[in-house]
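Asker: What follows is each chain in one-letter form.
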Amino acid sequence: MAEHSKSSASRRKLDLGRGVLAMTVSFFTWLALLHKFDLSYLYPFEGLDRVLLAFAAWLILKEKMSRDLWIGLILICLGAMFVAGS
Amino acid sequence: MSNAAGKQNKSDKILTDTVKGDQGSRKSRFFHPYLQLLISIILAAASQIFLKIGVDTQFVSPWYTASNFFSFWIWSGIFSTIGSLFSWLYALKSVPLIVAYNLAAMNHIMVALGSWLFLGEAISYQRWIGILVVALGVLFVARPAARAEEKL
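Keeping their order, the protein sequence lines are chains A and B. Heads up, the first sequence is in the working numbering, so the first residue is 142 and it goes up one at a time. Heads up, the second sequence is in the working numbering, so the first residue is 16 and it goes up one at a time.
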């Protein structure tokens, strides 16, 4: 990999840049969604970020899923389904 | 209780050290970690409401229209988010993670209440139930997340 040769400081800067870029994209996407939907309809879906994060940690970082985590994720999905149907 | 009081004393000591005496007692009340946590949660909810108002009243259709970048409400939303992040990070210095994360679940309820009160959105029973279930789920996720981060 090309990134192997880079120093860790520049790697960190690159990661930070990617993070800022991702946040900017998510901010503008959020504004576009707010333009179309009610806030009370849209905001519960923000809870889904935890679901994505937990699954990413589970699959990519091989972290363990605890029982509480599973219950929480299922509840968030269930709640989002309720809101989606309203 | 005594544990929380001890932590509070510790944070007060850190504060008076950093403020160095001048108006220390007046400032330390505002910088009480739990007050900062409350401010952080209110600002986070307010920022969403500001953004919604901005998008509804000041947004012009192609997103790159120049006036969109000078929208008062959108900037209010952005600065509220930044403010809430700072008071959140400040509060985390002394509030136990599990308490802070549980209060973060309040965000969902605060935003729902705010959009009902200030934006006049009609929230059906089904939507309230959904919002409460999501908040409960966030509460459950908070526990393993707090445990994971306390290890760091």
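A few of these clues could be false.
[Said to hold, decoys possible] Here are the simulated EDC-like cross-link-like pairs (lysine to aspartate or glutamate), alpha carbons at most 20 Å apart as the crow flies:
hint, chain 1, residue 1, chain 2, residue 2
1, A, Lys205, B, Glu136
2, A, Lys203, B, Glu165
3, A, Lys203, B, Glu136
4, A, Lys205, B, Glu165
In case anyone wonders, no lab produced these hints; they're calculated from the structure.
Asker: Would you pick out the hints that fail for this structure and give their numbers low to high?
Answerer: Violated hints: 1 and 3; rest satisfied.
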